[in-house]
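Enquirer: Read off the chains here:
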Amino acid sequence: MLKNYLKIAIVVLRRRKFFTFISLFGISFTLTILIVLTAFIDKVVGDNYPDRKRDRSLYVNRLQEIGTRSGGINSSSGGMSFYFLNHYAGSLKTPAKLAISSNFNSTNTYVNNKKIVINYKYTNADFWDVLDFDFLEGKSFTKQQIDNGERVAVISAEIKKEYFGDEASVVGKYIEADNVQYRVSGVVKNVPITLYMIYSDIYLPYTVSKTDYNNSGYRGNYTGILLAGSKADISKIHQEYEQMVSRLPMESKDFDKIFSHAETFIKNYVSTGDEEKSGVAYAITAIGIFALLVMLLPTLNLVNINVTRIMERSSEIGVRKAFGASSKTLIYQFIVENLILTFLGGLIGVVLSSVILQIINSANLIANLELSLNFTVLFIGLLICLVFGLFSGVYPAWRMSKLNVVNALKMQ
Amino acid sequence: MISLQNIQKVYRTSTIETLALNSINLNIKKGEFLSVMGPSGCGKSTLLNIMGLLDAPSKGDINIDDQKLNNLSDKQLAQFRNKKLGFIFQSYHLINDLKVLDNVMLPLLYRNSSEKERKQSASEALGKVGLSNRVKHFPTQLSGGQKQRVAIARAIVGKPEIILADEPTGNLDSAMGNEVMDILLHLNKSEGTTIVMVTHDEHMAKKTHRLMRLFDGSQVQ
Chain S
0 MLKNYLKIAI VVLRRRKFFT FISLFGISFT LTILIVLTAF IDKVVGDNYP DRKRDRSLYV
60 NRLQEIGTRS GGINSSSGGM SFYFLNHYAG SLKTPAKLAI SSNFNSTNTY VNNKKIVINY
120 KYTNADFWDV LDFDFLEGKS FTKQQIDNGE RVAVISAEIK KEYFGDEASV VGKYIEADNV
180 QYRVSGVVKN VPITLYMIYS DIYLPYTVSK TDYNNSGYRG NYTGILLAGS KADISKIHQE
240 YEQMVSRLPM ESKDFDKIFS HAETFIKNYV STGDEEKSGV AYAITAIGIF ALLVMLLPTL
300 NLVNINVTRI MERSSEIGVR KAFGASSKTL IYQFIVENLI LTFLGGLIGV VLSSVILQII
360 NSANLIANLE LSLNFTVLFI GLLICLVFGL FSGVYPAWRM SKLNVVNALK MQ
Chain L
0 MISLQNIQKV YRTSTIETLA LNSINLNIKK GEFLSVMGPS GCGKSTLLNI MGLLDAPSKG
60 DINIDDQKLN NLSDKQLAQF RNKKLGFIFQ SYHLINDLKV LDNVMLPLLY RNSSEKERKQ
120 SASEALGKVG LSNRVKHFPT QLSGGQKQRV AIARAIVGKP EIILADEPTG NLDSAMGNEV
180 MDILLHLNKS EGTTIVMVTH DEHMAKKTHR LMRLFDGSQV Q
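Chains S and L supply the protein sequences, listed in that same order. Those letters in the first sequence? Residues 0 to 411, by numbering that gives the first Met the number 0. Those letters in the second sequence? Residues 0 to 220, by numbering that gives the first Met the number 0.
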């Protein structure tokens, strides 16, 4: 039976070449957008380099101070100071380690009269223990070097190539950033910019920072990752952090509330800063609405084309019914035919996605982000195809199955 | 074999009600070849559609082989049509996208039979109508007479006990019409298939066992 459906599906597709083209174009274009989106989400959420201990890490990237006493609303929010993280978050009992790093800043440097934009970030020593960077050569700087305020740097593979060209080894050589020379202690595999708490071109000891890292204010441009000894400690650390924040003395009389949370990777990543609503719910709703909008038009288009296509085949429907096909059998046949069409479109969509991902990767539109079509992405693509095929096939098939045999035969 | 009792068919729209069949009582014996005649619009095709369970009567009972068929579900009706009935239409209603052999195999798709069995039965049916050499052709490559012979092969491939033919020679010239008629007569005689044929052709009707005439939805003979 399936073979027969396949045969007739191919014949019908070949007969109405223009309709087939429009259908396939709609399906493959939609799937391409969704597959690229899936690949992006999969890369951001699924690829855990270099925070491979993500399942026992809590991320702190924001502190908000709010004051309502003066009638209006005073608010200050953003990153934290090194002092806050080191002094308060660092005093929690349960975390095994605390990685502290600044947000990345950009500076220009020149090599052979060529301008290079370098992003740099300051880190503490635990940063290199909490995160599992792949060192292509050399090693991270040590606590001793940090304490001594040595001008050392860990650089990314990309900046190595850009700054030093094809030199095999650059450990011990000097790189200039922000008019300061740093000695390279190690080279690490690139981190995509989407991991903004970790990404940088150059990592430097926080002690060489030009700003005062001992400033005792709460706010600054640092973020932290609290590493638990085991997964079981995660909720304990979360509570400890909440309690610590609730006990914080107010920095100024302008403020009467302080918010800051230690969250899991996903919650932290999609955090909107809204204390009332979860960022995860926002993210899922936003992605859902986007996917729905992207799929809605081609689905309606395909439904319309399918209705026309099926009504053109009313005589065939009449004949099949007369010779023993039940309505259910015919619905099944047309859904199978539609699924064949959508999977064909899906196949083109996968090829198109692969080309587009190649283009995105080679153009380096998003720094260091290597998008790929892995098993998860393909599986989700397959699922989207199935949903797409069913949604666009069920209504036309149902309408067709309701056709009266006599009328169907007359409609030829 | 086929028994129609007090069959009435009314077509209703919001403004008008048309009586297509009025109190039809008819008994057809097994192996009988009945022809139905009457002017256009008198209800011949409607009667055939009701006999073939393609349309439901507004009133009255249909029995085939002593089985009352009025209240069967969509699935039961489909199964009954598949096993007991074969249809031949004036305009053939072949599926142009499928080859002749696939067209003939179609009724067997809805039975539990293997592809090999389906092909064998379809080839035999095509042999009976003299089209063994056209299995790989598409309907558009055939003449009208050949198309109707393919339609006959499709109607007989499942070995139904009853064939309902709606003006099977209506679109054919007299030579081709006679050819098709000969096949139907042979089928009736050699295999005992019960045939009900709607026709406008008095000459063809005379070749059958019995003639029924309709006028304005009522049986007049």
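What the hints contain is simulated information worked out from the structure, not anything from laboratory work. Hints should not be assumed to be uniformly reliable.
[Unchecked claim] Derived DSBU-like pairs: lysine-lysine, alpha-carbon spacing no greater than 35 Å straight-line:
hint, chain 1, residue 1, chain 2, residue 2
1, L, K205, S, K327
2, S, K188, S, K138
3, S, K409, L, K205
4, S, K409, L, K158
5, S, K401, L, K205
6, L, K118, S, K6
[As the list claims (entries may be wrong)] Example chain L residues on the side facing chain S (calculated, C-beta under 8 Å, incomplete):
hint, residue
7, L71
8, I94
9, Y109
No experiment lies behind these values; they were computed from the predicted model shown. Yeah, the Cβ is synthetic: ideal placement off N, Cα and C, and Gly gets one too.
Enquirer: Hints first: check each against the structure and report whether it holds.
Expert: How the hints compare with the structure:
1. K205/L - K327/S: Answer violated: K205/L to K327/S is near 42 Å, above 35 Å.
2. K188/S - K138/S: holds (12 Å)
3. K409/S - K205/L: holds (28 Å)
4. K409/S - K158/L: holds (26 Å)
5. K401/S - K205/L: Judged against 35 Å, a Cα distance of about 39 Å means the pair is violated.
6. K118/L - K6/S: holds (15 Å)
7. L71: Since chain S brings no Cβ nearer than about 11 Å to L71/L, farther than 8 Å, the hint is violated.
8. I94: Constraint on I94/L satisfied, holds at 5 Å.
9. Y109: This interface hint holds because 4 Å falls under the 8 Å limit.
The earlier numbered hints that this structure contradicts are 1, 5 and 7.
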